[in-house]
Amino acid sequence: MFANHKLIAFETIVIKEVRRFSRIWLQTLVPPAIMITLYFVIFGNLVGRRIGEMGGFQYMEFIVPGLIMMSVIQNSYSNVVSSFFSHKFQRSIEELLVSPVPNYVILTGFIAGGMARGLAVGAIVTITAMFFTDLSIQYPWITIAVILLTSIVFSLAGFINAVFANSFDDISIIPTFVLTPLIYLGGVFYSSQLLPPFWQFVSGLNPIFYMVNTFRYGILGSSDVNVYWAFLILGVFIGVLYSSCIWLLRRGTGIRS
Amino acid sequence: MTIAISLKDVHKVYANGSEALKGISLDVEQGDFFALLGPNGAGKTTIIGIISTLVNKTAGSVEVFGKRVDTHIYETKLDFGVVPQEINFSQFERVRDIVMTQAGYYGLPHKLASQRCEKYLRKLGLWEKRNERSRTLSGGMKRRLMIARALVHEPRLLILDEPTAGVDIELRRSMWEFLTEINNKGTTIILTTHYLEEAEQLCRNIAIIDEGKIIEKTSMKSLLADLDSQVYILDSAAELPAQLSLDLSNTGLRRIDGHSFEVTVSGDQSINEVFSRLDQQGVQVSSMRNKTNRLEQLFLARLRDS
Ligand SMILES: Nc1ncnc2c1ncn2[C@@H]1O[C@H](COP(=O)(O)OP(=O)(O)OP(=O)(O)O)[C@@H](O)[C@H]1O
Ligand SMILES: [Mg+2]
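As they're listed, the protein sequences go chains A and B.
Residue numbering for the first sequence follows the numbering used here, starting at 1 and increasing by one per position.
Residue numbering for the second sequence follows the numbering used here, starting at 258 and increasing by one per position.
Among the clues, some could well be false.
Stated by the list, open to error - Okay, derived cross-link-like pairs now, SDA-like style, lysine to any residue, Cα gap no bigger than 20 Å in a straight line:
#1 B:Lys368 / A:Glu11
#2 A:Lys88 / B:Thr302
#3 A:Lys6 / B:Thr328
#4 B:Lys376 / B:Thr328
#5 B:Lys368 / A:Lys88
#6 B:Lys399 / B:Ala422
#7 B:Lys279 / B:Val312
#8 B:Lys399 / B:Arg429
#9 A:Lys88 / B:Lys399
What the hints assert, rightly or not - Just the calculated beta-carbon pair ranges, DEER-fashion:
#10 A:Ser257 / B:Ile426: 30 to 36 Å
#11 B:Ser318 / A:Asn226: 51 to 57 Å
#12 A:Phe2 / B:Lys470: 36 to 42 Å
No lab work stands behind these hints, which were simulated from the structure alone.
Note that the structure is a prediction, hence the values are computed from the model and not measured.
For glycine and all other residues, C-beta sits at the position ideal for the given N, C-alpha and C.
Using the sequences plus the hints, can you model the full thing?
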């Protein structure tokens, strides 16, 4: 396949992915917006007023970056896992497998689709947040870099989940039992400085903790973690997950018999 | 003569241990209209899966227009289009989007893609349905949509896995016409079918496959000639005369040993005539049986299955 053919194939996959989640916007775009709005109202506004300050900021200001991050993580992951699995389920994945599209183009196409949804929801949440608090971004480049890289990481993770999934249950197990706890314990709602030393150490083992805190650093200018560490972790995750996805595609795991 | 597709000693054992193909070797020439005929579970879909890379082969090699499918992935894949046995497009997409997406996977620029899309949707009578969601199509329309989809990159080789299963007779005939037309224009076609009539109408060459093995590879003409005739084995009480001849048109005779021989009688020939000729030559037939024809068995099995 020539480079321009690959580009066309890539665009085709991305357009198809965006069309998919836009078509079912009531399931993909609205629920996260409602959920996050509720978080703002309940935790930020009602409870937050009682909490006062967290990590040196108004509680509302403090949780906004975490909630944006949470929505990007969940939606990137869930877009790729449900889209790729439903391609498997409806067998339309065969259209791609029979065609000359190289594996890495298939993968990057789905990743771009996951990013598109993750960032679209992230944008919706950001706009919603602006009704509740003033957002000013301290380090725009860090903010953008972290959100893009995080979105890539969780799109890749969703892809792996979909490759191994055999039923609709299999695509909700990881988000429910792994992803959600890691996000909640990743410092979305509290500063790790509140934790006893042992639990601070445990938080340090949670990769999402680094991503959330670096994103918060980009927006508020203050962080519980070393920013370089966070980028290193993101880089390693992307490298490992990407290679695993390519390896799985080449073997045909879950898609070729 | 260019070989469009060449399979050499292809084996497939599925993960559950089922041995679907036991050494398939097959050459299909460019321009041919080739049928793979066989009962349920014979291995037809597995063969197509291996060619189209949906199934990983256990052993053997596959070449498309002289290039190995596993080493020249992109060139070989551009050369063929596949119409699968089971519906495999998204049920939520619109008809036109399905074809356009396929065109995109093959790297067709947008303008060319929409021309081709219109061309093939019109040819297959689906243009009016282009904005419908695919799940609202009838079974026959879904099959035609898969044909349009397989043709949008205009491959040199079209592989169809039971394209007319569940399609009514009228529609089947119009599909046959369409396939004959594109074959006449030079596209090599391989199709699998359960319908002997279909192979008869369309194909020049045929392979009959059963339990993962090719049991017959022949031209459609000679297959039909065989099907049209009956083979009897006759035994004579006495030693057969040295010279034995029936001297009838459409009737063949083959000596098996000193006492028995085989007679092939075509459909329009009366068996009485055969007996009277034998009588004239002093041959007394003591017993006679119908030679079981593998093909016939196969078709009986097919009838039993359906
Ligand atoms: N994914 C699979 N896993 C295990 N066994 C399989 C698989 N697919 C097919 N088989 C087995 O391989 C054999 C050949 O199946 P195949 O689908 O190739 O037959 P076929 O000739 O296309 O039959 P049909 O006319 O019914 O479509 C069968 O015994 C089938 O049970
Ligand atoms: Mg089949």
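Here is how each hint holds up against the structure:
no. : hint                            : result
1   : B:Lys368 / A:Glu11              : holds (15 Å)
2   : A:Lys88 / B:Thr302              : holds (18 Å)
3   : A:Lys6 / B:Thr328               : holds (18 Å)
4   : B:Lys376 / B:Thr328             : violated (33 Å)
5   : B:Lys368 / A:Lys88              : violated (29 Å)
6   : B:Lys399 / B:Ala422             : holds (11 Å)
7   : B:Lys279 / B:Val312             : holds (15 Å)
8   : B:Lys399 / B:Arg429             : holds (13 Å)
9   : A:Lys88 / B:Lys399              : holds (19 Å)
10  : A:Ser257 / B:Ile426: 30 to 36 Å : holds (34 Å)
11  : B:Ser318 / A:Asn226: 51 to 57 Å : holds (54 Å)
12  : A:Phe2 / B:Lys470: 36 to 42 Å   : holds (40 Å)
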